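Chemist: The residues making up each chain are set out below.
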Amino acid sequence: MIKAILIFNNHGKPRLSKFYQHINEDTQQQIIRETFHLVSKRDENVCNFLEGGLLIGGSDNRLIYRHYATLYFVFCVDSSESELGILDLIQVFVETLDKCFENVCELDLIFHVDKVHNILAEMVMGGMVLETNMNEIVTQIDAQNKLEKSEAGLAGAPARAVSAVKNMNLPEIPRNINIGDISIKVPNLPSFK
Amino acid sequence: MEAVNLLSSNRYTEKQIGYLFISVLVNSNSELIRLINNAIKNDLASRNPTFMGLALHCIASVGSREMAEAFAGEIPKVLVAGDTMDSVKQSAALCLLRLYRTSPDLVPMGDWTSRVVHLLNDQHLGVVTAATSLITTLAQKNPEEFKTSVSLAVSRLSRIVTSASTDLQDYTYYFVPAPWLSVKLLRLLQCYPPPDPAVRGRLTECLETILNKAQEPPKSKKVQHSNAKNAVLFEAISLIIHHDSEPNLLVRACNQLGQFLQHRETNLRYLALESMCTLASSEFSHEAVKTHIETVINALKTERDVSVRQRAVDLLYAMCDRSNAPQIVAEMLSYLETADYSIREEIVLKVAILAEKYAVDYTWYVDTILNLIRIAGDYVSEEVWYRVIQIVINRDDVQGYAAKTVFEALQAPACHENLVKVGGYILGEFGNLIAGDPRSSPLVQFNLLHSKFHLCSVPTRALLLSTYIKFVNLFPEVKATIQDVLRSDSQLRNADVELQQRAVEYLRLSTVASTDILATVLEEMPPFPERASSILAKLKKKKGPGTVTGLEDAKRERGVDVNGGPEPAPASASAASTPSPSADLLGLGATPPAPAGPPPSSGGLLVDVFSDSASAVAPLAPGSEDNFARFVCKNNGVLFENQLLQIGLKSEFRQNLGRMFIFYGNKTSTQFLNFTPTLICSDDLQSNLTLQTKPVDPTVDGGAQVQQVVNIECVSDFMEAPVLNIQFRYGGTFQNVSVQLPITLNKFFQPTEMASQDFFQRWKQLSNPQQEVQNIFKAKHPMDTEITKAKIIGFGSALLEEVDPNPANFVGAGIIHSKTTQIGCLLRLEPNLQAQMYRLTLRTSKESVSQRLCELLSEQF
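Chains as they are written, first to last, in UniProt numbering: chain V, 1 to 193; chain H, 1 to 861.
Quick caveat, the hints were computed from the structure, so don't treat them as lab data. All values derive from a computational prediction rather than experimental measurement. Beta carbons are placed, not taken as given, at the ideal position from N, Cα and C, and that holds for glycine. Please note: incorrect hints may appear among the correct ones.
What the hints assert, rightly or not - As a list, the in silico DSS-like pairs of lysine-lysine whose alpha-carbon atoms are at most 25 angstroms apart:
hint	chain 1	residue 1	chain 2	residue 2
1	H	Lys147	H	Lys77
2	H	Lys219	V	Lys99
3	H	Lys846	H	Lys819
4	H	Lys780	H	Lys791
5	H	Lys404	H	Lys452
6	H	Lys694	H	Lys764
7	V	Lys13	V	Lys41
8	V	Lys41	H	Lys147
9	H	Lys789	V	Lys149
10	H	Lys77	V	Lys18
11	H	Lys846	V	Lys99
12	H	Lys634	H	Lys778
13	H	Lys778	V	Lys146
14	V	Lys149	V	Lys115
15	H	Lys764	H	Lys634
16	H	Lys778	H	Lys357
17	H	Lys222	V	Lys99
18	H	Lys778	H	Lys789
19	H	Lys219	H	Lys290
20	V	Lys146	V	Lys115
21	H	Lys15	V	Lys115
22	V	Lys13	V	Lys99
23	H	Lys650	H	Lys694
24	H	Lys791	H	Lys650
What the hints assert, rightly or not - The following residues of chain V were derived to be distant from chain H, with all beta-carbon distances above 10 angstroms:
hint	residue
25	Asp26
26	Cys47
27	Leu147
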């Protein structure tokens, strides 16, 4: 089972974190920090597997990671997953992102967190691999986009809905915005180099 | 709240944002969850695949118990309904899996299970993948219900493996057909023992194809291609290892891994080392693995990645046996000097275990451990050096050598504190053995130790003080020097209570006691009872909790071990020969204004105290292990015999009760005094086995025989055997004998006759992997059919003729009776005359019973 999926950049700034187990916020942050610490120290051509997701469930776990340009993709999995399989899954994930965003880069992940989450949800569900077929995933995402567009086309309904919601409950707004962009909540990490 | 409102919207965008919010940010907020559940329920019933998908995703991401309660009944219906879309089915399968993980008790098993199994035949590979994941987890808990999945999985696998790379279109990943699904299917098959012959043939074919494909030139230079291909390959290899039945495949797997060991991909080297580690434990391939030893050692030396080196160490540990132990231990020691700090402690433990386990020559063992302490003293835990001392004390032949070696090692200007501990202890016990050499005369020994004294911590100093008092006994000529040391203010007025007390007590002891008393009090340590090495337990503990806190716990527990452990050195009374009486004695000597030394009578009394309460149980008499094994299949005979004493047994068992007559024969012409046999059961055993007996007459005349009756009741199944400890006085000496009493689980067997059909029906009923224990072993005795039959009958089970299709095999059945339960047992013994091997399979309804019976019976052939 996949315990957690983390994406952070070369400076340890998290770009996406998804935990498939209940872990409280502070521990999550700590896990991200420690994982970054472990992964960033390693050379380019050593192996992609690491013992011990120290905080998530103990020694049975492994970190499997891949480094693309500015981003680290780290999957924390238990012993029931095939290591190479997960490595391939990371590749599929990245290729899918690439197809959906056309030349994906770190900024896409920052500004379209919701989309990235959707794509991930198409691939992994509750810690299990749901779909590995890239075309299938892309079709699903496209269908969603189309639905979104068509609904947006139906007059300015969503906009109206949003404004209605805003007026209904003013104090909620600032918090919503804060939560919307995950990276804002994370304190800057000192760089390790 | 806003999010929940969005959920009930009919628009996709709104709904989707709502769900996203919930799955990312809500965990199990109980107030909202009811509202959320309601919205989800509506969506699940909506028949709109997109909405259903969203709802299922949400359930899976939150996955709380409340959700499980609400939907565990619903989702299986969605999953097996005929009209559900493929993508929804996929989600439903994984969603159910998620709920099963969080709260297995809430997911009802039902008729949907059989239909889930048939999803393996689904057209849509995505559905198959999801279903396989689900079935794998469910099958681990309920193997019976999902048994049919094996043959389906095999046929699916063979279709994938044999398909051309273009057949599966979208599911072909870099020219490898459906790698994920293959991996999942192979995982599923690992939940079950090797299937029936027909299916097995097909499976073997698949596995061979996979192995063959590995040899083909790659279809693409891309790393993804080789990754995907090797993912399948590694999974196939672990299945082969799991089945452990096809020597052919095992050897091929091993060779394949051997190739990977030198591959330029670090990932592959890492995985190859890891798989080989499991492969090394298989009987068939152990030899094949050993051929790669050079490569592995090389990996240890040259690999840049610490996690790969760690695997290499593991593998070396796994492939070590008597033939290559010296080489491997030497390599590990030399690696230790440069090893990464994080893995040093583990390597130290491994070296210590290997050195002990495979030591032929104990001087080698002593050398190795001393080297170990020298190289990595900080990482040598207490258990390791306790163990050296135990071994040295228990083996007369190395004592002199050990004393000499530690003496030499101590001469190094800087040596580790652990070495001082070992040195102090060994010289205190056996310093006399090397005292003849003028270079290591008593005074030199003493000065050497004392030169280290000031550099050591308190526990070590305490130990050294004990050594000094032992020197007083061993070498009267240094008595004055030692008394001076003890008398000095730094000892007598030491701020540390322990040191002060020792100094005061030992000083008094050395001045007031006569040489006789000294000799008795400071006698050599009696041999330690042989026990399982505590180091091994330590390693297991260390491997288990990998978390930081777990490690800390382990370290803390080590402190506890000191008392429970075999070596009581740091306790104040330890230096004198037996713990409890000497504590009394020292207490007596400690009252400083003692009236002109103890009167002579008290000296005599002390000696008596010693001999009467010498509570240490003697180590099991040599050879008793063999005798014990003989009694597994018979009830009467001679259990133990030496020059003085013979112990005979006669026993009968019925259902869960038994009675055993023990005959003690005095073979000498002199009386035995204080003759006390005691039955010792470990705590575990005590709760499962009740033994009742009456004490026997404490004197046994020369040539006479006494009888003792033991009434036995088996309360529940048990593993160990009770130990019979006999203490008596013969002439002036105190004798102590321990033997294992052959009361074993199989004694409570009641044979059962059954027909072939019945047998196989029951055999199949007990097919849960936990219920079966199998052992493959070499024949120790000539393989004679009649003798084997007699042994199986003697073992207690019925021997069933004409049950097994192969007439050479033996099949037995019986019921183990205990007070609490009755356990049905089936056994099958397959001899292989060419290989001189047996395969023994036991199936019982209880895992521990299978295990124990298998152990007992394996010893017999």
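Chemist: Are the hints correct? Go through all of them and say.
Modeler: Hints versus structure:
1. H:Lys147 / H:Lys77: Holds: Lys147 of chain H and Lys77 of chain H sit about 21 angstroms apart, inside 25 angstroms.
2. H:Lys219 / V:Lys99: With Cα atoms ~24 angstroms apart, Lys219 of chain H and Lys99 of chain V stay inside 25 angstroms; holds.
3. H:Lys846 / H:Lys819: holds (15 angstroms)
4. H:Lys780 / H:Lys791: Distance of about 14 angstroms is within 25 angstroms: holds.
5. H:Lys404 / H:Lys452: holds (18 angstroms)
6. H:Lys694 / H:Lys764: Not satisfied, since the Cα-Cα distance of roughly 46 angstroms exceeds 25 angstroms.
7. V:Lys13 / V:Lys41: Within the cut-off at roughly 15 angstroms; holds.
8. V:Lys41 / H:Lys147: With a Cα-Cα distance of about 46 angstroms, the restraint between Lys41 of chain V and Lys147 of chain H is violated, given a limit of 25 angstroms.
9. H:Lys789 / V:Lys149: violated (80 angstroms)
10. H:Lys77 / V:Lys18: Answer violated: Lys77 of chain H to Lys18 of chain V is near 29 angstroms, above 25 angstroms.
11. H:Lys846 / V:Lys99: Distance ~54 angstroms between Lys846 of chain H and Lys99 of chain V Cα, so the pair is violated.
12. H:Lys634 / H:Lys778: holds (22 angstroms)
13. H:Lys778 / V:Lys146: violated (69 angstroms)
14. V:Lys149 / V:Lys115: holds (14 angstroms)
15. H:Lys764 / H:Lys634: violated (31 angstroms)
16. H:Lys778 / H:Lys357: Answer holds: Lys778 of chain H to Lys357 of chain H is near 20 angstroms, not above 25 angstroms.
17. H:Lys222 / V:Lys99: Distance ~19 angstroms between Lys222 of chain H and Lys99 of chain V Cα, so the pair holds.
18. H:Lys778 / H:Lys789: holds (18 angstroms)
19. H:Lys219 / H:Lys290: violated (32 angstroms)
20. V:Lys146 / V:Lys115: holds (13 angstroms)
21. H:Lys15 / V:Lys115: Judged against 25 angstroms, a Cα distance of about 14 angstroms means the pair holds.
22. V:Lys13 / V:Lys99: Satisfied, since the Cα-Cα distance of roughly 24 angstroms is no more than 25 angstroms.
23. H:Lys650 / H:Lys694: holds (17 angstroms)
24. H:Lys791 / H:Lys650: holds (18 angstroms)
25. Asp26: Holds, because the least Cβ-Cβ distance between Asp26 of chain V and chain H comes to about 14 angstroms, which exceeds 10 angstroms.
26. Cys47: Nearest chain H Cβ is 4 angstroms from Cys47 of chain V, so the label is violated.
27. Leu147: violated (4 angstroms)
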